[in-house]
Amino acid sequence: MSRKLLKYIRPEVFPTPFCPGCGHGILLGALLRAIDELELDMDRMVFVSGIGCAAWIISPHFAADTLHTTHGRPIAFATGIKVFNPKLKVVVISGDGDIASIGGNHLIHAARRNIELVVLCANNSIYGMTGGQLASTTPKGARTSTTPDGSPEPPFDLCKLVKGAGASYIARASVFHTRELIKYIKKALTHPGFAFIDVVSPCFTQFGRRNQVKSPAEMIINLKKICSKTKSSEELFTFKEAGKILIGEFSC
Amino acid sequence: MYFLQGNEACVKGAVAAGCRFYAGYPITPSSEIMEKMAVELPRVKGVFVQMEDEIASMGAMIGAVWTGAKAMTATSGPGFSLMMENIGYALMTETPCVIVNIQRAGPATGQATKPASADVMQARWGSHGDYEIIVLSPWSVQEMYDLTIRAFNLAETYRVPVILLSDEAIGHLREKVDLHKDIPITPRSLKSDLPPFGYSPEDSVHKDQPTPMPTFGQGRKLLVTGSTHDEWGYRKTQSPEVQARLTARLCNKIRNNIDKIAETEEYEIAPDTEILIIAYGFTARSALRTVRLAREKGIKAGLVRLKTLWPFPEKLFQTLPRRTSGRIIVPEMNQGQIVREVQRLAPKDIEVVPFNKTDGTVITPQEILKCLENY
Chain S
1 MSRKLLKYIR PEVFPTPFCP GCGHGILLGA LLRAIDELEL DMDRMVFVSG IGCAAWIISP
61 HFAADTLHTT HGRPIAFATG IKVFNPKLKV VVISGDGDIA SIGGNHLIHA ARRNIELVVL
121 CANNSIYGMT GGQLASTTPK GARTSTTPDG SPEPPFDLCK LVKGAGASYI ARASVFHTRE
181 LIKYIKKALT HPGFAFIDVV SPCFTQFGRR NQVKSPAEMI INLKKICSKT KSSEELFTFK
241 EAGKILIGEF SC
Chain E
1001 MYFLQGNEAC VKGAVAAGCR FYAGYPITPS SEIMEKMAVE LPRVKGVFVQ MEDEIASMGA
1061 MIGAVWTGAK AMTATSGPGF SLMMENIGYA LMTETPCVIV NIQRAGPATG QATKPASADV
1121 MQARWGSHGD YEIIVLSPWS VQEMYDLTIR AFNLAETYRV PVILLSDEAI GHLREKVDLH
1181 KDIPITPRSL KSDLPPFGYS PEDSVHKDQP TPMPTFGQGR KLLVTGSTHD EWGYRKTQSP
1241 EVQARLTARL CNKIRNNIDK IAETEEYEIA PDTEILIIAY GFTARSALRT VRLAREKGIK
1301 AGLVRLKTLW PFPEKLFQTL PRRTSGRIIV PEMNQGQIVR EVQRLAPKDI EVVPFNKTDG
1361 TVITPQEILK CLENY
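Going down the list, the sequences are from chains S and E. Counting in our numbering, the first sequence runs from 1 upward without gaps. Counting in our numbering, the second sequence runs from 1001 upward without gaps.
Isolated chain S, as found in the complex (with noise of 0.2 Å):
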């Protein structure tokens, strides 16, 4: 890490808890980038997460007020903290299973009212924490720990349902491509609305292992070649190439 961003750390919390080839790391690094860049006040910023490993980017790393909350409701615990006190900037940041599958509820309804809010969900597509399980953006076909035979069901596309929820800021980023995610991320800090990145980040430990992927580092680099970077936003809604996941902004 950049000797620069070290203030924004809590120097004995190291070494991360994160696996090797976890995407995490990169997400924690791009978001403090993000931060140091816009020049933002730290002490004037409030970093809300929920359960899973996603949870520990920011608890207990960042040198920041943070909110490690019950599992699903770091969203629902960010709108009582900007409603109450809106100079704050709040940023949520957790998993797919936390933001999408128990918490779907508060991301839908956080999108619709708009609340300015920013919300990172670092998507490996599978809970990782405990054990692997099928999450609500696993894709169809994959391997987890609760479908050995592979997922029967279709994923959530995170983009397209905050888009139908109402969200005004939307963007898809890899850990891979660093120099969007922390372009993403910049634009999200500063928009006056609710903004949504959904930050594809591997799980080699849960999701490649049972997936034919042979080390950490071919997972982060296959990023490179299934993700296919959108021409425009209304690709969001025709876009079709199997096995391809689209990365870019779709807000407009």
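What the hints contain is simulated information worked out from the structure, not anything from laboratory work. There are no misleading hints in this set.
With a Cα cut of at most 30 Å, we get these calculated DSBU-like pairs of lysine-lysine:
id	chain 1	residue 1	chain 2	residue 2
1	E	K1221	S	K4
2	E	K1236	S	K4
3	S	K244	S	K225
4	S	K229	S	K183
5	S	K187	E	K1221
6	E	K1181	E	K1191
7	E	K1221	S	K183
To give an idea of the interface, some chain S residues facing chain E are shown, with a C-beta separation under 7 Å as derived from the structure:
id	residue
8	P60
9	A63
10	L67
11	F77
12	V83
13	F84
14	N85
15	H106
Only a predicted model underlies this, so the values are computations on that prediction, with no experimental measurement involved. Here a beta-carbon is modelled for each residue, glycine too, at the ideal position from N, C-alpha and C.
Here the structure of chain S is known, so what remains is to put chain E in place on it, guided by the hints.
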């Protein structure tokens, strides 16, 4: 003097106590509290938000409290069940807040417009894990005002969620109420360098006392978590010592102060009292009338009214006149909940008799009198 509904008096009490945030979800028979809050809070520069469910209402309330608000939510049975996980989070993170439960007849959807007192044990034990919580039981519209204020004060003093456990009959009752302004309000002490979650383990003087409630946005870099944590908020999910210390402190900060928290009232309690009624909430109103009717008939009855249900007044029977031949009757709008506490604590040679009614109507003075006369 005002002529108000119980639910309206609760709102007046909350605003007087400094409540400036309300998050809620509509549910009968508590909805008037929410509707009235939506009118009253903007007038005092407070914030009202209607959430998507009761889970989110508790969550938003906890978020607002950590942002500096005194806050409340109100609900009834089904919503109270949904709030339980986040009530546990408020207990674990020592978040002062007030939850009003206008009880209705259950289980499940039950009878939404009918009263009951069947959430007494849920209020005490509904969230998982070891904890102590404070539960108050108003018996009048006046106490919907007074005890709401007390609930906020207790929440601030002990940094604990406090439940105002009322019921449909009191919530929708209309009677005279004095909205007196002379009740002391416990302020939130905002500035403190003490650790956010209790004194250090080396500090034996302040052992088990809560530290002042801190606030986001002051540069304190607070670590708030529902996981087991040390006094600075660092997660300690593998340490037996920290887990033991934390659960003991969460319980002891209440247990060590039962005498200050638990309030009772006595009516017609004298050395000659042969039959003692122990009651709370709406049932205590009927029981007081029963005592008067019984005394007219020469039955030496007396009433102890529980204003606080939890922590239970453990020393109750140490202060009451001792009679070996007496009986205790515990009338409740449930199948028998507080009676178990009375049985646990009453002198062993005194017979404790439950009187239960769960048909969605209140217990009348005549019904309790009949029970008395049968003995």
